[in-house]
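Colleague: Single-letter residue listing:
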Amino acid sequence: MNRLVLASAGLLGVAASLAAQAPTGRPAVQPSVFAITNTTIVPVTGPRVAGGTVVIRNGKIEAAGATVATPAGATVIDGTGLFLYPGMIDSGDRMGLVEIGSVPGGQDTQELGQYNPHNAVLSAVNPSSVHVPITRANGVTTALTSAQGGMIQGWAALIDLVGWTPDEMAQNGRVAMVMTYPSVGGGRGRGGFRGGQAPAGDAAEAQNRQVRELYDYLREAKAYNARTNPVPQNLAFAALGPALRGEVPVIFDVQTEGQIRGVLALSDTFKLKPVLRGATESWMLADTLAARKIPVIVGPLTAVPTGDAPYDAVYAYPGVLAKAGVLIAFQTDDGGEGDARNLPYNAALATAYGLDPEEGLRAVTINPARIWGVADRLGSIEPGKVANVFLTTGDPLDVRTQVREVFIRGQRMPWDDRHTAEYLKWRSRPRP
Amino acid sequence: MKRLGVLTLPLMTGVLAAQTPAAPAPAARDTSRQLVLGTAIPAAGTLVAVTNATIITATHGTIDKGTVLIRNGKIAAVGKDIAVPAGAQIIDGTGKYVMPGIIDAHSHSSGEAINEGSRSVTAQVRMEDVLREDAIGMYRELAGGVTTLNILHGSANTIGGQNATVKIRWGLPVDSMLFAGAPPGIKFALGENVRQTNVGNIPGRTPRYPRTRMGVEELLRESFTRAREYQAEWKAYEDAKTLRRKDAKNPEAEPVPPKRDLQLDALVEILEGKRLVHAHSYRSDEILMLLKVAKDFGFRIASLQHVLEGYKVADEIAAANTGASTFADNWAYKLEAFDAIPFNAALMAERGVKVSINSDSDERARRLYQEAAKAMKYGGASEEEAIRMITLNAAWQLGVDKLTGSIDVGKDADLAIFNGHPFAPASRVEMTLIDGRVFFDRNKAPTLEYLIELMKRRPRANTTSEGAQ
Amino acid sequence: MRLTPAVRALSLAAAFLAPGAASLRAQSDTWALTNARIQTVTKGVIDKGTILIRKGLIEAVGPAVTIPADARVMDLAGKTVSPSLIDLTSALGLAAPTTGGGGGGGQGGGTQQAQSGPRGVEPERDVARELKVAPGDVKPIRDAGIGVVLVSPSRGLFRGMSALVPLRDSVGEADVIKPQVAMHIGYQGVSGDYPGTLLGVIAYQRQALYDAQRQGVLLDRFRTAPRGIARPEHDPGIDALVPVVRGQKPAFIEASNENEIRRSVRLAKEFNLKATVVGATEGFLALDALAGRQAVVSVNYPQPTATTGWSYRLSQRRALNDSAATASEVQKRLEGNAAALNKAGIKFALATGGTRSSDFLGNVRKAIAAGLPAAVALEALTIRPAEFAGVDQILGSIEAGKIANLVVSNGDLLADSARISTVFVDGIRYAVAPPPARPAGGGNAVAAAQVAGTWTMTLTSPQGPLEITMTLAQSGSTFSGTMTSQMGSMEITGGEISGRIATWTTILQVGGQSITLNYRGEVDGNRMTGSAELGNFGSGTFTAEKKP
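Protein sequence lines, in the order shown, are assigned to chains G, R and P. Everything in the first sequence is counted per this note's numbering, starting at 1 for the first residue and increasing by one. Everything in the second sequence is counted per this note's numbering, starting at 433 for the first residue and increasing by one. Everything in the third sequence is counted per this note's numbering, starting at 902 for the first residue and increasing by one.
Chain G extracted, bound-state conformation (with noise of 0.2 angstroms):
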């Protein structure tokens, strides 16, 4: 096991040097140049090219192809029998938000209020959250992060999985304004349990004065925005100027076809760029859907359809879309229970269900990274965006498949995870 025999040999050598002096830890400067040799390199965007070769120098990619060269003084690492694929998006989970569940202290996933487009969670995401380094160790190398809770949530940050500050993570600190729309029962991620205040008064009204609310909130907004230099500021109407601009996308964690009637109807008013996510009865209007290009964030498939669904109707919905011609990512919208590094497992129930294996790996690689604005560096390995890339025994769909590097921002990433770390620890325990 390539990637224990380095974790160990990393164990070891902090191990020597605390017997001789004060510890030194990683060196200072880490090296830059890669070349990953003989390996499958599947690209994503292009045909895989058996025996081909990559190289990684100063973050970005370089080259990669059939016939690139090994650089001098790159640090080579042997490819052979191995693939190399681009590091997976996962488009909705809480990264750096919560560290353990039961624990209050450590939970940034929920602010007070209804209306909060001016909270922005970058810089609430701890680097140094555990659930950052078991996460990447399965080649899920960035993560859209986002708060839940109330109508309009925020703003989400788009994060590479390493990174010394909030800010070196952050591929775009507000790639998306976060909202969900008004149901009855209060319809919003999984199962409908959770959810924001309770609408009052009679049930239909209750849900219509919620709409009402909204489209009061975002014309209130808009007028704002129109407004040069305006006194006193109000930065939360402030906060929605670039989606009511249709400069970014707006993510709706949203549920029934009647919300996601409701949020086509939103954005034609304000001219909104929309993106769904859960959306489990998306497929009921896959054609419109498709037809108006709205992409729709799919997942987690880690959740029980409602009681009157077909039994296989959570699995099967990503197919269905896809088949339609709508543009969708995986999102597992982990709470910090190890789900996110499960990203391409998602896939997997996918395609077991009807969606085509190659738009599954598409799923996760390059279309989150067209729908997040970020293609021209993510998703796919292509010379001259970023390397974000990992080394793998196999599909990175199936289970059964080993990783054997990451790397993001072109850094090697260690095996100094937890989980890796406690599993040798215990497994050198001496037996009885």
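Just to be clear, a hint being listed does not mean it is correct.
Simulated crosslink set (EDC-like; lysine to aspartate or glutamate; CA at most 20 angstroms straight-line) [to be verified]: (1) G:Lys425 <-> R:Asp747; (2) P:Lys1448 <-> G:Glu205; (3) R:Lys691 <-> P:Asp1121; (4) P:Lys1170 <-> R:Asp607; (5) R:Lys766 <-> G:Glu422; (6) G:Lys425 <-> R:Asp771; (7) R:Lys876 <-> G:Asp308; (8) R:Lys691 <-> P:Asp1140; (9) R:Lys766 <-> G:Asp108; (10) R:Lys876 <-> R:Asp524; (11) G:Lys425 <-> R:Asp717; (12) R:Lys766 <-> G:Glu337; (13) P:Lys1447 <-> G:Glu205; (14) G:Lys271 <-> G:Asp216; (15) G:Lys323 <-> R:Glu885; (16) R:Lys888 <-> G:Asp308; (17) R:Lys766 <-> G:Glu99; (18) R:Lys888 <-> G:Asp287; (19) G:Lys425 <-> R:Glu748; (20) G:Lys323 <-> R:Glu881; (21) R:Lys691 <-> P:Asp1136.
Calculated directly from the structure, the hints in this document are not laboratory data.
Keeping the supplied structure of chain G fixed, place chains R and P upon it in accordance with the hints.
Modeller: For chains R and P alone, kept in the frame of chain G given last:
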């Protein structure tokens, strides 16, 4: 609330009947059940053969292009070149993979109540008293290849309640779902849930003892001490009856039996090795504590459940002949789950523990085959070992390994038929058989694909957006 | 010595200074009902005959009966006389809930207080001693043709022993026809204590019955030869269960859906109880379990959405937009319940089971339309319940010597067009006012309580108190809405209002499972109190206030 348009499916009665020639007439049953549950109960066919399939036996390797012959619900033969008698119902397994029906060693599906948490010790309550046969979660599990469930009491208290081992014979009443021949079991729990420290004090209610892990140990010892005393009382009574010892004052008096206590009855069964203990536990220290308590009182723990720190004390668990039933990679949701690692299952197996992977969730139970594959990824368990983690090892923990859990002659014909290797990414369950009867068939099940087909053929009633302006 | 009704009426009048004592005496006269079509139930139909009533009993009945001089004559030409009905599912006159009115017809509100009031574990509770019938509560029941009710508490696991009560305007303990008729058993847990959930309830019941078996043995020994042995503990609850566990006292077990029925039969088998299943609305799903047993079948048909297997049924709908069609199919099966039991040869009585009295016969007619022979239905309303209560010697049919409990209708009682004009109870004549004209579309005669609006609710359960905001919209006698708390938001389904009683259901999604929560509240203006079945979480009680 305006909801999705409704689904349409033709009645399924009679379809299976057409496919089972020469099967004996099914036992008389109330046909209205079919209306309410919407399913045709498959006939108990005498002869079934699954042919030309890749058979993952779990005990003796994988057989290519093999046949499983089923007679009267039991596996009569398995191998290549099995002669199939005339009149058998043939299930064509070409291109398919057959594995033993999946066994979930930790389930709460179908219970109308899960936790009698009002007291710390409620060994007298029984899950079989509160089951219902129409819990949709069970159907989805059946559609994921699960055939047997260990339905457990919850983890709200130290000694929770008696389990129920069931087979998902969907469409039949609860009594017909109970796994005849499964030894009785009981649920213990240790750690945070039992101490109620994550819930905090409920205003107006006295906090329930115990609040610490040492209190949990004390409660266990107290309970089994009481059980021993009760056992001695009854032994003295039996002895007195046998010896017909005459009472000096009242020569006619027969000895009075002690008061029968259902709670202590269950605990005595544990002491006598007649009731299997399944113990929810996380931390290594509390695992060791429980193993010691059991040793002190002379009984064995059948399985530790969750046992997320089991990898730290795998040798001790193996030495106690105790099984471990764990998650593949779920962690960090509680403080006691913070040291959990996905290598847990493989590490414990390496040290000789019989490991199973369970769900403790109606959601996870649908895809245990994907979870088991993680034991190969994390820690390098072999494929057969990983298969056993959701079949034979779980059966052993439940005491039914002579009856099910592998594809071997003489065992119940509990099978899951996949369209690819169960661990491969694009694989799904096509059919699930229990006792040789097809209780799930994807071709006849309500699927999204089928729903969309129907909806294409009939226009739906107009649905408007909610609150559009 | 049994007081004659006349003397009893006088002593009542004297004891309670009831108004109209003179009219009481006037009513307890000797009656001759002539020219009537008499439906005796046990001895066939007399096309034209006379019933002679004296001292509260039927003195004679036949085609040619000599009418004594002192008899008041009622010419019932064109009318039918049947025995008045016996309803074995009543909570009339039991301690009222803390707010709202007393129980009227069918099941009462039955809220439980943590400190005081019944918790539901009182096998020794003797209903006969607690009767407090409010004036005006009797008439609506009697107007439906019911002359006698078996009163028992409506909640709990060991609810107590029932009393058979005549529906006279003024009725108290002295009027009870038979006390301690049966031990009533149910499946509701105790709020905030053991047994809180169904798990604990069944274990508790089994333990108590084993204790009672042993107690019986000890008591016998002590009675025959008390010297030299320890005396048995005095435990009124266990003592009350001793005759039950010996089959000497019937056990009435309230079980409605299929699984409840099967559980109750299992309990009866384990302890050899002389058990009657009460409710049995899904009996047609458990005919095998009920074989050889008897049931009191409620005609309070449950919502199709609450039937066993419904949520799965929904995922297998057979036609687009057919949830209404599916519901009506299931509804037909539910209405055909009694017919199915009859066909399977299971003995049963029919009962209100909480149906509003004015709807009772209408619901019985639905059962007849679904295949129950009318003659069997009439028996199930009269002689069968009398048998089940052990009073068939004195009630349940029109025979000389039996109590003069009769109902007069224009035509066959179970015909659609039947109108009840008079009811006799203990030989006392009560006029029945004609029902008010029904509005077009068959709306309710009694206006349903208004529940639309926002409620602040406190729900107390084994998990402790929970604040819930409930918002409702109402349409006629149905309502919908949401319940929101710190646990999240749930949609209300099956909201129904019958008079002042509101019932509804929510589904809680937790840990990948769906748990059905059922609520039942009694509305009093802007307040509601009631109880809830909380699935795994046990049962609880709630109070709620509506914002005006």
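Colleague: Now tell me, hint by hint, if it's right for this structure.
Modeller: Comparing the hints with the structure gives:
As the CA atoms of Lys425 (chain G) and Asp747 (chain R) are separated by approximately 15 angstroms, the hinted pair is consistent with the 20 angstroms bound. The hinted pair formed by Lys1448 (chain P) and Glu205 (chain G) meets the criterion: a straight-line CA distance of about 17 angstroms does not exceed 20 angstroms. Distance check on the hinted pair: Lys691 (chain R) and Asp1121 (chain P) sit about 16 angstroms apart at the alpha-carbon level, within 20 angstroms; holds. Of the pairs offered as hints, the one joining Lys1170 (chain P) and Asp607 (chain R) holds, with about 14 angstroms between alpha carbons and a cut-off of 20 angstroms not exceeded.
A hinted pair counts as satisfied when its Cα atoms are at most 20 angstroms apart, and Lys766 (chain R) with Glu422 (chain G) qualifies at roughly 18 angstroms. The hinted pair formed by Lys425 (chain G) and Asp771 (chain R) meets the criterion: a straight-line CA distance of about 12 angstroms does not exceed 20 angstroms. A distance of roughly 17 angstroms separates the Cα atoms of Lys876 (chain R) and Asp308 (chain G); the hinted pair therefore holds under the 20 angstroms criterion. With a C-alpha separation of about 15 angstroms, the suggested pair Lys691 (chain R) and Asp1140 (chain P) falls inside the 20 angstroms cut-off, and the hint holds.
In summary, the hint linking Lys766 (chain R) to Asp108 (chain G) is supported, as the alpha carbons are separated by about 16 angstroms, within the 20 angstroms threshold. Straight-line distance between C-alpha atoms of Lys876 (chain R) and Asp524 (chain R) comes to about 16 angstroms, which keeps the hinted pair within the 20 angstroms bound. Between Lys425 (chain G) and Asp717 (chain R) the CA atoms are separated by roughly 17 angstroms; this keeps the pair inside 20 angstroms, and the hint holds. At most 20 angstroms may separate the alpha-carbon atoms for a hinted pair to count; Lys766 (chain R) and Glu337 (chain G) meet this at roughly 9 angstroms.
A hinted pair counts as satisfied when its Cα atoms are at most 20 angstroms apart, and Lys1447 (chain P) with Glu205 (chain G) qualifies at roughly 17 angstroms. Restraint check: the Cα-Cα separation between Lys271 (chain G) and Asp216 (chain G) comes to about 15 angstroms, which is no more than 20 angstroms; the hinted pair holds. Pair hint Lys323 (chain G) plus Glu885 (chain R) holds up; C-alpha atoms about 14 angstroms apart against a cutoff of 20 angstroms. Distance check on the hinted pair: Lys888 (chain R) and Asp308 (chain G) sit about 19 angstroms apart at the alpha-carbon level, within 20 angstroms; holds.
Of the supplied pair hints, the one linking Lys766 (chain R) and Glu99 (chain G) holds, its CA atoms being roughly 10 angstroms apart against a limit of 20 angstroms. With a C-alpha separation of about 12 angstroms, the suggested pairing of Lys888 (chain R) with Asp287 (chain G) holds against the 20 angstroms cut-off. This hinted pair checks out: Lys425 (chain G) and Glu748 (chain R) have alpha carbons roughly 17 angstroms apart, not beyond 20 angstroms. A distance of roughly 12 angstroms separates the Cα atoms of Lys323 (chain G) and Glu881 (chain R); the hinted pair therefore holds under the 20 angstroms criterion.
Using a Cα cut-off of 20 angstroms, the hinted pair Lys691 (chain R) and Asp1136 (chain P) holds, with the two alpha carbons roughly 14 angstroms apart.
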